[in-house]
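Q: The chain contents come next:
Protein chains: 2
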Amino acid sequence: MPMQLNRRDVMRAMVSGAVSLAFAQGTFAQHGPPPGKIALRFNENPYGPSASALKAAAKALEMGAYYPISITDDLLNAISTKNGVALENMVLSSGSNEALQAAFVAWGKKGKVLLPALTYTDHIAYSIRMGVELVTVPLAKDMSIDLEAMAAAVDDGVSLVYICNPNNPTGMALDGDLLRHFCRTVGKKATVIIDEAYNELTDEPDYTSMIDLVREDENVVVMRTFSKIFGMAGLRVGYGMARPDLASIISGHVMAWPNGPGLAAAYASYNDDEFIRFSRAKVIEGRNMVNETFRKNGIEPLPSQANFVYADIGRNATLFQKRMNERDILIRGSFELYPNYSRVSMGKLEDLETFDRVFTEVYNS
Amino acid sequence: MPMQLNRRDVMRAMVSGAVSLAFAQGTFAQHGPPPGKIALRFNENPYGPSASALKAAAKALEMGAYYPISITDDLLNAISTKNGVALENMVLSSGSNEALQAAFVAWGKKGKVLLPALTYTDHIAYSIRMGVELVTVPLAKDMSIDLEAMAAAVDDGVSLVYICNPNNPTGMALDGDLLRHFCRTVGKKATVIIDEAYNELTDEPDYTSMIDLVREDENVVVMRTFSKIFGMAGLRVGYGMARPDLASIISGHVMAWPNGPGLAAAYASYNDDEFIRFSRAKVIEGRNMVNETFRKNGIEPLPSQANFVYADIGRNATLFQKRMNERDILIRGSFELYPNYSRVSMGKLEDLETFDRVFTEVYNS
Chain A
143 MPMQLNRRDV MRAMVSGAVS LAFAQGTFAQ HGPPPGKIAL RFNENPYGPS ASALKAAAKA
203 LEMGAYYPIS ITDDLLNAIS TKNGVALENM VLSSGSNEAL QAAFVAWGKK GKVLLPALTY
263 TDHIAYSIRM GVELVTVPLA KDMSIDLEAM AAAVDDGVSL VYICNPNNPT GMALDGDLLR
323 HFCRTVGKKA TVIIDEAYNE LTDEPDYTSM IDLVREDENV VVMRTFSKIF GMAGLRVGYG
383 MARPDLASII SGHVMAWPNG PGLAAAYASY NDDEFIRFSR AKVIEGRNMV NETFRKNGIE
443 PLPSQANFVY ADIGRNATLF QKRMNERDIL IRGSFELYPN YSRVSMGKLE DLETFDRVFT
503 EVYNS
Chain B
143 MPMQLNRRDV MRAMVSGAVS LAFAQGTFAQ HGPPPGKIAL RFNENPYGPS ASALKAAAKA
203 LEMGAYYPIS ITDDLLNAIS TKNGVALENM VLSSGSNEAL QAAFVAWGKK GKVLLPALTY
263 TDHIAYSIRM GVELVTVPLA KDMSIDLEAM AAAVDDGVSL VYICNPNNPT GMALDGDLLR
323 HFCRTVGKKA TVIIDEAYNE LTDEPDYTSM IDLVREDENV VVMRTFSKIF GMAGLRVGYG
383 MARPDLASII SGHVMAWPNG PGLAAAYASY NDDEFIRFSR AKVIEGRNMV NETFRKNGIE
443 PLPSQANFVY ADIGRNATLF QKRMNERDIL IRGSFELYPN YSRVSMGKLE DLETFDRVFT
503 EVYNS
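So the protein sequences, as listed, match chains A and B. Just so you know, we're using my numbering here: the first sequence kicks off at 143 and counts up by one. Just so you know, we're using my numbering here: the second sequence kicks off at 143 and counts up by one.
To be clear, the hints were calculated from the coordinates, so they are not data collected in a lab. Don't take every hint at face value.
To be verified - Pairs of lysine-lysine, BS3-like flavour, derived with a Cα cap of 25 Å:
| no. | chain 1 | residue 1 | chain 2 | residue 2 |
| --- | --- | --- | --- | --- |
| 1 | B | Lys252 | B | Lys331 |
| 2 | B | Lys201 | A | Lys424 |
| 3 | B | Lys424 | B | Lys197 |
| 4 | B | Lys252 | A | Lys251 |
| 5 | A | Lys424 | A | Lys438 |
| 6 | A | Lys490 | B | Lys179 |
| 7 | B | Lys201 | B | Lys252 |
| 8 | A | Lys224 | A | Lys201 |
| 9 | A | Lys201 | B | Lys197 |
| 10 | B | Lys252 | A | Lys252 |
| 11 | B | Lys201 | A | Lys201 |
In this text, all values refer to a predicted model and were calculated from it rather than measured experimentally.
Sequences are here, hints too, so could you generate the full structure?
A: If you want it as structure tokens, here you go:
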């Protein structure tokens, strides 16, 4: 079976030369998907960055000679104000993945990290390299994160519990109040880190978010990113909010300082409510289209509240991925224990129309 | 005595809220030096980014929704080709500081890290937080790095030796062949990491660089950055070159993926020889001006081959920094063991003319 690469693996492999030029396709300084391909593979959001972000980032570029000091401060203030937390609660990182890695490494020194058996993995690969001890808990039968089993698995050796909500690759969101109860209870024994990368795309973002627990000084870390609803995956800005002692540990382990244009774009987008509404609407429209593609082919996708859809296609997903790739549509193949599940990320609506046509052809041929 | 902040401290302090808004000066989304101030404090190079870099980064911004996969590959290929090394020799990071931190943490697991008592410190603060054991060796009498004493200090417990060449804050460069001999000898016992952040500004960049030792598979890591001669400090791209086994260790510890606009700018600049010549000439012209300012005030600066000048001004440098700051010129104050040494970074030539006038007034009043 072909190796299933994630984004981080791609980067590492390129550094080590293993897949050199695999993505370059002969075009130098080419950005975005390989030419002629439709990329529905990495949960990117092609409706970003916003016009306001592009304008702000272009201005920051011109001052690219300088370390991005004041814009860092501006962004931290904007985020903390909007969320009703203090600057002491804030973590900033070059993509949320960096802060997740930092947290896993930091808490990994004190104990084991508990996580669902199927979840986001870019930071997991790093943590394994760093010798962090991981314990996984199987998903529930309906593919949701099994909070009861997770809570039961928190013994004295567990220092950190990782929950991605909505989960990746399933797209399924946990009920806000159930998760709140989980955090309050488990938080007495271990820190709970909630990866809310897709929060803004859920049915009820405020109810689904654990940010209120941060305000209440619970033992909880909320991670967010500008890569998803803000469509800034290439600009590498993420942030977290947590009790000051927890925030300080993560900030202390984060390695890189985010870049000026990314920070400026984040700052310009963060309160751009019109863009946020637009981006959310487009993603949801796309999600409905992909759900419909699956359903009309007799496949019931998992109920996604994110910008990707995960479905049991009844056949090997990596082989199917290869056939779709031959038709210039890049989707994901099998994840770990679920060989027959396929993940499709949102693209522009016109690209999802192409996806619908090609998927239906390939699936039925 | 006022606290002497470095850039990293500034960021950490802002995250923790301690100096919130200190740099914002009431202007939101302001980039570069505080309004009305001349910044000669962080070894930035205001002659960058190049026009080619700005153009390429602007294009990358528009594709900011996507993870910067192909441009990462392009940049790695360009750097490895120019330096006659393989992709397996390459390390990429969000600023060279990140890769330095990664290396200190990685080698710190195996032993102590040896470094000069006065050198670049942003990664040192991180390493101390991570529990890395550091051993320092005093500078020689002439303020150069004491290679003999460093070599003598490499015992079985030392895993990594850090040399910044030219050194920061002194600006002094070690002789290339002396350093080559040091690397070959010491490399039998410990890995030697050479921070060549300012290499392109030295009198003889090729002779001063240890890149030939990387090509010869010596136990040497060469770190470089786009922050200095390329004038891209705000865009956060650094790189390293080393034997594949060493490069792989560092890449494995690096946390963040560099941003698309930064990578595109780096790629566009890297072979822009006209800009490199221009940037180097401006920095050297500025350095001569600052040397002249010191000398006409009876101060003999250390012989700098970088974009900053370090000089014993015969009085407390932090108090002097404060007086210069009141006149809207930001320079550095005392570093550690050298309270009377002042460091001045290059700015635009017109700003250095202002510096000359204000320095002379403040120094003699």
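Q: Which earlier hints can't be squared with this structure?
A: 6, 7
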